[in-house]
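Student: Take a look at the letters that make up each chain.
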Amino acid sequence: MSAPLLELSGVTREHRQGDVVVQALRGVDLSVTPGELVAVMGPSGSGKSTLLQLAGGLDSPTAGRVCVEGRDLAGLSPAQVAAVRRRSVGYVFQDLNLLPSLTAVENVALPLELDGVRGGVARRTARAALDEVGVGALAGRFPDEMSGGQQQRVAIARALVGPRRLLLADEPTGALDSTTGEEVLRVLRARCEAGAAGVLVTHEARHAAWADRVVFLRDGVIVDQSGPVAPAESLLAAGGA
Amino acid sequence: MIRMLLWIVGGGRHGTGGSCLGHTAYAYSVSMSIRHGLLALLQRGPSHGYQLRAEFDAATGATWPLNVGQVYSTLDRLERDGLVVQDGTPDADGRIAYRLTDAGRTEVSGWFGSPVSPKGAPRDELAIKLALAVTTPGVDVLAVVQTQRTATMTGLQQLTRLKARAGDGAEDLAWSLVLDSLVFRAEAESRWLDHCEARVARAATRRPAPGPAAEAAGAATVERSRR
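Chains as they are written, first to last, in my numbering: chain L, 156 to 396; chain A, 9 to 235.
The hints are simulated quantities; they were obtained by calculation from the structure and are not laboratory data. Glycine is no exception: its CB is placed at the ideal position from the N, C-alpha and C atoms. If a hint is listed, it holds; no wrong ones were tucked in.
Each pair of labels, with its calculated beta carbon distance range:
{"id": "1", "chain 1": "L", "residue 1": "SER302", "chain 2": "A", "residue 2": "ARG199", "range": "24 to 34 Å"}
{"id": "2", "chain 1": "A", "residue 1": "ARG199", "chain 2": "L", "residue 2": "LEU254", "range": "29 to 39 Å"}
{"id": "3", "chain 1": "L", "residue 1": "ALA345", "chain 2": "A", "residue 2": "LEU185", "range": "14 to 24 Å"}
{"id": "4", "chain 1": "A", "residue 1": "ALA139", "chain 2": "L", "residue 2": "THR334", "range": "29 to 39 Å"}
With the hints as constraints, model all of the structure from the sequences given.
Tutor: Structural data, given as structure tokens:
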């Protein structure tokens, strides 16, 4: 098994409100390896969003360690954490993922250009990333000229453009109808099978079921998990026996 | 290629783990489905029993596999009821083909045109179990809910894995829709479990103190399953 792309060990996050200490996460252990899609399920207030923010270096734990590609984020300077966010981590949110004034290919190329990649190279890499999620033909379109499902594909392409391999998705299908949402999850799953590591936060069981493992959060604690699931081939073989 | 659903659906029933779907008590009369299923297949043209069985299994992903005896006894009843007739003489292997009568054709369109209704109240083992759990002292209801939720999710993941693999052909579409039916049932169960959990948690915080011992037991139950 390859080394985890994301590793949370004993992660606790407390928020202080006056004299009251609220524990958003308590002693969470979670690792995600390349090729794996992990879903995090829980009711609102269970700590899902906090977990995602910690995983992406947007927040720091009160206790415990968060490692991305083997690097403990606590040991890095703010500039180094920002670089990890640019080069290693991509986000997909429920909506408003794309800058409305940029075309699809420009949106995907943006993180590369911000990281100093030259324009032509960035655009070619972005174009390839769009092809990988099946929307290469829409490279020149602006977000308002695309459907919700197409925009989410572009967002996935941007999240995994260039060297980025850790994809953090927060309810990415929340604004989509059932069939379109399923198409987006198919793309997400395919990108993970191609070597990315994905964390999918959702409250929909049907969407979480696309993951290899599903982690259940309650009041900041992982209470249980399901999976990994046997590959389809072995399910078929078992049925045919 | 599509013979695994029996395994998925049957896994939980025999307590072998790995699946949530086995306990689902299908509310619809299977014998009724066979009868109408065979009539619907005969709408495509005359066919004999072995062929009908293969076509039924192919269309439903072998979720409710038929044995050939069931098929022939059903055909006998359909013939008795005037919905099918024997079509010509037996073939070289002695197999007799059947075709629809006009009455059979009317029956098929009536079946497709009407909604399926549950046959009475099915016994749902999970609902019974939870109903007993909330009324039996000392049972950790939230743990019961979580155990079921994990099993339901595992089944849902297996179904999704199979769905991801389905292609675009007509048979794959049929199979994929059968899978979807199971997916939506499992999802409904999962949502119902969320609902149960919220209701149980709320009841635990609101419950008036019935007595010190009972109250302590209730609080401990909630606390334990939250850890």
